[in-house]
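Q: Going line by line, the protein sequences match chains W and X. Numbering of the first sequence is given in my numbering, commencing with residue 11 and proceeding in unit increments. Numbering of the second sequence is given in my numbering, commencing with residue 11 and proceeding in unit increments.
Just so you know, these hints were derived from the structure itself, not from any lab. As the structure is a prediction and not an experimental result, all values here were calculated from the model. A portion of the hints provided could be inaccurate.
Under the rule of at most 30 Å between Cα atoms (straight-line distance), these lysine-lysine pairs were calculated in the DSBU-like manner [unchecked claim]:
id: 1; chain 1: W; residue 1: K152; chain 2: X; residue 2: K193
id: 2; chain 1: X; residue 1: K38; chain 2: W; residue 2: K13
id: 3; chain 1: X; residue 1: K131; chain 2: W; residue 2: K38
id: 4; chain 1: W; residue 1: K193; chain 2: X; residue 2: K38
id: 5; chain 1: W; residue 1: K152; chain 2: X; residue 2: K38
id: 6; chain 1: W; residue 1: K57; chain 2: X; residue 2: K204
id: 7; chain 1: X; residue 1: K87; chain 2: W; residue 2: K193
id: 8; chain 1: W; residue 1: K13; chain 2: X; residue 2: K13
id: 9; chain 1: X; residue 1: K13; chain 2: W; residue 2: K38
id: 10; chain 1: W; residue 1: K38; chain 2: X; residue 2: K152
id: 11; chain 1: X; residue 1: K152; chain 2: W; residue 2: K137
id: 12; chain 1: X; residue 1: K132; chain 2: W; residue 2: K193
id: 13; chain 1: W; residue 1: K193; chain 2: X; residue 2: K204
id: 14; chain 1: W; residue 1: K204; chain 2: X; residue 2: K38
id: 15; chain 1: X; residue 1: K137; chain 2: X; residue 2: K57
id: 16; chain 1: X; residue 1: K57; chain 2: W; residue 2: K38
id: 17; chain 1: W; residue 1: K204; chain 2: X; residue 2: K57
id: 18; chain 1: X; residue 1: K193; chain 2: W; residue 2: K193
id: 19; chain 1: X; residue 1: K193; chain 2: W; residue 2: K204
There are 2 protein chains.
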Amino acid sequence: MGKVSVGFTMSLDGFIAEPNDDVGRLFKWYFGGDIAIPVPGTSMVFKVAPASVEIIQELLDAYGAIVTGRRDFDVSKAWGGKSPLGVPVFIVTHNAPQEWAHSEWFTFVTDGVESALEQAKKAAGDKKVAVGGTTITQQLLKAGLLDEIHIDLAPILLGDGIRLFDHLGTPIELESTRVIESKFATHLTFRIVK
Amino acid sequence: MGKVSVGFTMSLDGFIAEPNDDVGRLFKWYFGGDIAIPVPGTSMVFKVAPASVEIIQELLDAYGAIVTGRRDFDVSKAWGGKSPLGVPVFIVTHNAPQEWAHSEWFTFVTDGVESALEQAKKAAGDKKVAVGGTTITQQLLKAGLLDEIHIDLAPILLGDGIRLFDHLGTPIELESTRVIESKFATHLTFRIVK
Numbered sequence: 011m012g013k014v015s016v017g018f019t020m021s022l023d024g025f026i027a028e029p030n031d032d033v034g035r036l037f038k039w040y041f042g043g044d045i046a047i048p049v050p051g052t053s054m055v056f057k058v059a060p061a062s063v064e065i066i067q068e069l070l071d072a073y074g075a076i077v078t079g080r081r082d083f084d085v086s087k088a089w090g091g092k093s094p095l096g097v098p099v100f101i102v103t104h105n106a107p108q109e110w111a112h113s114e115w116f117t118f119v120t121d122g123v124e125s126a127l128e129q130a131k132k133a134a135g136d137k138k139v140a141v142g143g144t145t146i147t148q149q150l151l152k153a154g155l156l157d158e159i160h161i162d163l164a165p166i167l168l169g170d171g172i173r174l175f176d177h178l179g180t181p182i183e184l185e186s187t188r189v190i191e192s193k194f195a196t197h198l199t200f201r202i203v204k
Numbered sequence: 011m012g013k014v015s016v017g018f019t020m021s022l023d024g025f026i027a028e029p030n031d032d033v034g035r036l037f038k039w040y041f042g043g044d045i046a047i048p049v050p051g052t053s054m055v056f057k058v059a060p061a062s063v064e065i066i067q068e069l070l071d072a073y074g075a076i077v078t079g080r081r082d083f084d085v086s087k088a089w090g091g092k093s094p095l096g097v098p099v100f101i102v103t104h105n106a107p108q109e110w111a112h113s114e115w116f117t118f119v120t121d122g123v124e125s126a127l128e129q130a131k132k133a134a135g136d137k138k139v140a141v142g143g144t145t146i147t148q149q150l151l152k153a154g155l156l157d158e159i160h161i162d163l164a165p166i167l168l169g170d171g172i173r174l175f176d177h178l179g180t181p182i183e184l185e186s187t188r189v190i191e192s193k194f195a196t197h198l199t200f201r202i203v204k
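Taking the hints into account, I'd like the entire structure generated from these sequences.
A: Here's what the structure looks like:
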């Protein structure tokens, strides 16, 4: 079964968005480079620095499903009505919105994050499950259900915003498994030691 | 004149010490490796992984003075009465402690962090000034007086503790100038873009 992996672009001071949810300053590494990588099934094109190509290819190929939270779904405006990675998305929520009841991409899960993760794992098969949303990430971390953390560290101190890791409470050991230095981000992958 | 550089070992969730000021889990990269590097003038010996040797040598050679805060001085118990790097230490405080009035290492500065920095720059000559203490770091960052940030990123989520970068307020652009992957830490150096 594939790993459960959370990935975020984070500033050096630990923020994954500005207070108004803006990610423009953080996402320079997706769009500020010279190498164009179209996202299949969408009109979006990443433009990345050479050293970031491997990371983008992995993002496009390695994942078989996504688990995220309702806020992520709402803030992104339902990613324009499609899955951001072209794979099934399981959204943890208290109330499933009726207007999306027949979406081919979105499944709303009202019985908790662990149930959503189980469904995502089945959908992903041998591929990885991508975890999104800070609340979902913190819940899965605390429950010991994450395998891997991937951070695209943006060279900026945002000064304020939404923290990825707030006070989690208990120490969690990691092992650095890959470091890639690129122009607009340092790509860091960690295995969660269990 | 040498650069003004702040350096900290930080967990992935942004803490530089546990709530009780303990740094044991963070400082594994100083003491968990195989290569012994004695600290001149002290009985301390670093034991680091091969890729961290360059960072330790820089720590021992590149700095000509230290600016830090009173809390750092108190928590470290005056570093056993000696400068931690064998160079003059300028300590920003409201009240200079009389028992250290004749120390060969410590100068207590009661007229603010900018004055302490000026004195440290003079003492350092062509070498770098090391900045310590989270409050001093945040004050110098906001005043635009730091040139460089060095982070030894420890592979751990501490879950709670003392943050290096709390809500600083305004975005500050950085440029990644060096990344070294090592066994117990990823060494990251950033230039502060002014």
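Q: For every hint, state whether the structure bears it out.
A: Checked hints:
1. K152(W) to K193(X): Given that 30 Å is the threshold and the Cα spacing comes to 25 Å, the pair holds.
2. K38(X) to K13(W): holds, 27 Å
3. K131(X) to K38(W): Outside the cut-off at roughly 35 Å; violated.
4. K193(W) to K38(X): holds, 29 Å
5. K152(W) to K38(X): Distance ~24 Å between K152(W) and K38(X) Cα, so the pair holds.
6. K57(W) to K204(X): holds, 26 Å
7. K87(X) to K193(W): violated, 41 Å
8. K13(W) to K13(X): violated, 43 Å
9. K13(X) to K38(W): Between K13(X) and K38(W) the Cα gap is close to 27 Å, so the pair holds against 30 Å.
10. K38(W) to K152(X): Judged against 30 Å, a Cα distance of about 24 Å means the pair holds.
11. K152(X) to K137(W): Given that 30 Å is the threshold and the Cα spacing comes to 45 Å, the pair is violated.
12. K132(X) to K193(W): Violated, because 35 Å separates the two Cα atoms, which is more than 30 Å.
13. K193(W) to K204(X): holds, 18 Å
14. K204(W) to K38(X): The given pair, whose Cα atoms are some 18 Å apart, holds under the 30 Å limit.
15. K137(X) to K57(X): holds, 25 Å
16. K57(X) to K38(W): violated, 38 Å
17. K204(W) to K57(X): Holds, because 26 Å separates the two Cα atoms, which is no more than 30 Å.
18. K193(X) to K193(W): holds, 23 Å
19. K193(X) to K204(W): Roughly 18 Å between the alpha carbons, so the hint for K193(X) and K204(W) holds.
In summary, the structure is inconsistent with hints 3, 7, 8, 11, 12 and 16 from the numbered list given earlier, while agreeing with the others.
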